[in-house]
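Sequence order for the protein chains is A and B. If you use the working numbering, the first sequence corresponds to residues 1 to 415, in order. If you use the working numbering, the second sequence corresponds to residues 1 to 415, in order.
Heads up, none of these hints are tricks.
Calculated cross-link-like contacts (lysine to aspartate or glutamate; reagent style EDC-like; alpha-carbon spacing at most 20 Å): (1) 101/A <-> 149/B; (2) 101/B <-> 124/A; (3) 101/B <-> 149/A; (4) 93/A <-> 165/B; (5) 122/B <-> 78/A.
Listed next, the stretches of chain B that the computed footprint assigns to chain A, with coverage defined by at least 3 CB atoms under 8 Å from CB atoms of chain A: (6) 73 to 85; (7) 134 to 145; (8) 148 to 155; (9) 166 to 173.
No lab work stands behind these hints: they were computed from the structure. Backbone N, C-alpha and C fix where the C-beta goes; we use that ideal spot for every residue, glycine too.
There are 2 protein chains.
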Amino acid sequence: MRKSIKQGPLQSLFADRQQLEQYILENLRSFTGSLNNHHTFYKGRLSPIESLSEIVKWPLTTKEDLLTFPPSDWWHTDIPLLQFQSSSGSQGKPFVTAYTKNDLFLFSEAVGRCLEHAGVKKGDTLHNAYGYGLFTGGIGLHLGARHLDLRVIPASSGQSLRQVELIHMLRPGVIAATPSYLVHLIELYNTTYGEDFPPKIALVGAEPWSELTKNWIEKHSKMAALNIYGLSEIIGPGVAQNGVYHEGSMLWEDLFYPEIVDPNTGQTMPEGSWGELVLTSFTREATPLVRYRTGDVTRLLPPVDDLPFRRIDRIRGRTDDMIKVKGVKLFVSDIESVLGSFSSELSPYFEVQITQNAQDPVTLILEVMSPETLSIQHLQNLIKSRFGVTLPIRVVPPNTLPRVEQGKSKKVKYL
Amino acid sequence: MRKSIKQGPLQSLFADRQQLEQYILENLRSFTGSLNNHHTFYKGRLSPIESLSEIVKWPLTTKEDLLTFPPSDWWHTDIPLLQFQSSSGSQGKPFVTAYTKNDLFLFSEAVGRCLEHAGVKKGDTLHNAYGYGLFTGGIGLHLGARHLDLRVIPASSGQSLRQVELIHMLRPGVIAATPSYLVHLIELYNTTYGEDFPPKIALVGAEPWSELTKNWIEKHSKMAALNIYGLSEIIGPGVAQNGVYHEGSMLWEDLFYPEIVDPNTGQTMPEGSWGELVLTSFTREATPLVRYRTGDVTRLLPPVDDLPFRRIDRIRGRTDDMIKVKGVKLFVSDIESVLGSFSSELSPYFEVQITQNAQDPVTLILEVMSPETLSIQHLQNLIKSRFGVTLPIRVVPPNTLPRVEQGKSKKVKYL
Numbered sequence: 001m002r003k004s005i006k007q008g009p010l011q012s013l014f015a016d017r018q019q020l021e022q023y024i025l026e027n028l029r030s031f032t033g034s035l036n037n038h039h040t041f042y043k044g045r046l047s048p049i050e051s052l053s054e055i056v057k058w059p060l061t062t063k064e065d066l067l068t069f070p071p072s073d074w075w076h077t078d079i080p081l082l083q084f085q086s087s088s089g090s091q092g093k094p095f096v097t098a099y100t101k102n103d104l105f106l107f108s109e110a111v112g113r114c115l116e117h118a119g120v121k122k123g124d125t126l127h128n129a130y131g132y133g134l135f136t137g138g139i140g141l142h143l144g145a146r147h148l149d150l151r152v153i154p155a156s157s158g159q160s161l162r163q164v165e166l167i168h169m170l171r172p173g174v175i176a177a178t179p180s181y182l183v184h185l186i187e188l189y190n191t192t193y194g195e196d197f198p199p200k201i202a203l204v205g206a207e208p209w210s211e212l213t214k215n216w217i218e219k220h221s222k223m224a225a226l227n228i229y230g231l232s233e234i235i236g237p238g239v240a241q242n243g244v245y246h247e248g249s250m251l252w253e254d255l256f257y258p259e260i261v262d263p264n265t266g267q268t269m270p271e272g273s274w275g276e277l278v279l280t281s282f283t284r285e286a287t288p289l290v291r292y293r294t295g296d297v298t299r300l301l302p303p304v305d306d307l308p309f310r311r312i313d314r315i316r317g318r319t320d321d322m323i324k325v326k327g328v329k330l331f332v333s334d335i336e337s338v339l340g341s342f343s344s345e346l347s348p349y350f351e352v353q354i355t356q357n358a359q360d361p362v363t364l365i366l367e368v369m370s371p372e373t374l375s376i377q378h379l380q381n382l383i384k385s386r387f388g389v390t391l392p393i394r395v396v397p398p399n400t401l402p403r404v405e406q407g408k409s410k411k412v413k414y415l
Numbered sequence: 001m002r003k004s005i006k007q008g009p010l011q012s013l014f015a016d017r018q019q020l021e022q023y024i025l026e027n028l029r030s031f032t033g034s035l036n037n038h039h040t041f042y043k044g045r046l047s048p049i050e051s052l053s054e055i056v057k058w059p060l061t062t063k064e065d066l067l068t069f070p071p072s073d074w075w076h077t078d079i080p081l082l083q084f085q086s087s088s089g090s091q092g093k094p095f096v097t098a099y100t101k102n103d104l105f106l107f108s109e110a111v112g113r114c115l116e117h118a119g120v121k122k123g124d125t126l127h128n129a130y131g132y133g134l135f136t137g138g139i140g141l142h143l144g145a146r147h148l149d150l151r152v153i154p155a156s157s158g159q160s161l162r163q164v165e166l167i168h169m170l171r172p173g174v175i176a177a178t179p180s181y182l183v184h185l186i187e188l189y190n191t192t193y194g195e196d197f198p199p200k201i202a203l204v205g206a207e208p209w210s211e212l213t214k215n216w217i218e219k220h221s222k223m224a225a226l227n228i229y230g231l232s233e234i235i236g237p238g239v240a241q242n243g244v245y246h247e248g249s250m251l252w253e254d255l256f257y258p259e260i261v262d263p264n265t266g267q268t269m270p271e272g273s274w275g276e277l278v279l280t281s282f283t284r285e286a287t288p289l290v291r292y293r294t295g296d297v298t299r300l301l302p303p304v305d306d307l308p309f310r311r312i313d314r315i316r317g318r319t320d321d322m323i324k325v326k327g328v329k330l331f332v333s334d335i336e337s338v339l340g341s342f343s344s345e346l347s348p349y350f351e352v353q354i355t356q357n358a359q360d361p362v363t364l365i366l367e368v369m370s371p372e373t374l375s376i377q378h379l380q381n382l383i384k385s386r387f388g389v390t391l392p393i394r395v396v397p398p399n400t401l402p403r404v405e406q407g408k409s410k411k412v413k414y415l
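Okay, chain A solo, but in the shape it has when bound (with noise of 0.2 Å):
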């Protein structure tokens, strides 16, 4: 049996690393063992394991298995399925996630936890400017919201103008959003009412995100700017969170059990290494996942703060983001991470624009508060020696770039 948050604080959960990994691989044979003889997609796939570390025994299933099959082959349907949830296939088709009265109680539970350990505590207020719908997001928020009794203002994403009074008026302490979001909020914000964004803590996740932002959204609030990860494949918002005191993200690998492989090979990696993160989501009943390649770039960290669950550093990026630049491999968001190094005084706005021109093929357009501060050549220098790559730099002026009024960013453009 699952223990559930509301038994007690997380810290009651699993006395140590061994009970925990001894409870992972019971409930993952048992899983696997009726998958192996039920589901339509993983019947005879699944051989019995002995041991965690047999778990490569078993396939990888990749996002191309999700869309070449029809939805109904990775849907269990021996139970209601109660709802549907879709990806925002930003990556192509999207994928159609269903969920059983179980998974949606999964789903409160996982993102719950999030909120408990990001030091949500009840009676506060959550702000929740994910959008509500198909997305995983809105919905995600709002059922960990209802997990812990908080007070919820639904508002979804867009008018904001209107986001930012409700702001003004009910004070929430917890604001969720994209970080692209919610840097075009806390600006909103502060010039409309020209005093300080109320929360003090905010989850933020959906997109991958760089220090260069956390630092702006940290210094132009009150706030503890802390990731919430997750994926719609595998629940949603909820799979891992970081917390005010450490650093990475706490993954909840009672709940999806997770493995980091080679991008190019699909091999388990060395603990420790940098690779795709790879996910088992063995408590899911409507649309459980085997070894699910999520496509998001990390690396695991060791368990701390007295719970045995292991961490994700942040996401560099995904493997399909990847832009190479005269040979060199660089994720978008370790720019950002030079950028945030660099200076604070830059602003969290800027694009990589990719062209055919095999000159530049790569060239950064940057967003700078007061130009005259900026040395483009130390910039450079700095990104030279940290990759081994010269990349133009464009600089323009401020309120230049698009500001992303609803959903995700787009920092690489391609021309």
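Chain A is already provided as a structure; the job is to place chain B on it using the hints.
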């Protein structure tokens, strides 16, 4: 104690009209007694009453009252507030309404009754195309569906092509949407797949609509298009519901007590008169409203179908949406009704243009499928014989007038 629909079918709630009225009176009295002692706005304004007819002793509450006094004057904050929603603000500044845990249950139950009364059954799939977020439509229908353990596709509004793909894939039996958006979805579905629109029941509301649109929807699909009525100030959708076998919409009088008043004087009108609907939300904890002027013009109809509840007739329009043509008061939905009776070949798209031009201050713009079959003279005669005025009519080709991608349609255009 309020009975819950979970205890059985609607028919079992009250033995007869007398028992219902006794229940309403008792609950109204204890509710207003408490408001009279503790509520910021109503304190000292609500004297005791001995019979339901004495309700006229209490003052009417207007939208202007809601917006003049701060939200905290309206919120009953002794009980924790768990959620906020907002009116769409289409008639000006929006009102922020609050919900306690019991209010969220009340909301679920009211919408659940509507779904049940519309013929929806456990196991059915609801495609919910009402906007999620601060607007009460999306979240309200979602709560009602959860109450009955339906399957939900939380489509929200927008991304219409994605919506028809999901309808094609998941074959929902029920759909909820504004009438203008539903017409758009049906047109898009038919064009894309060239087959019948799968749902059998449509819950249509959030804007006034008439026989013209109902006929069009029912002709271009296999659905019964049933009106769902409500407003965020009172609770959201769920106040009243049209069933298949009767005219008008059953109003849950044990939750929301109705009256009809003269829109000009505020005086109670005789049984059966057309006038402004006034509602008292006497089981609502967080934002209770006494004798709230909804701005919606309708009339009360007697109980039917073995249920003790009175019904409301179709919403003719809003008190503030009335147009005057040469001294004659007309609602846009009146014009729509004539169009509906005139020809089933008319598209549901039309616009009323109001200009400063003294000669022809009001023009009716009609989108017509096959202009050769339409006799403008005949239609003008029909309008003249019904309302005593002649409306200039301009005919435009199919697909000329704007489609509603999101939110509510604007059928009156001021030039």
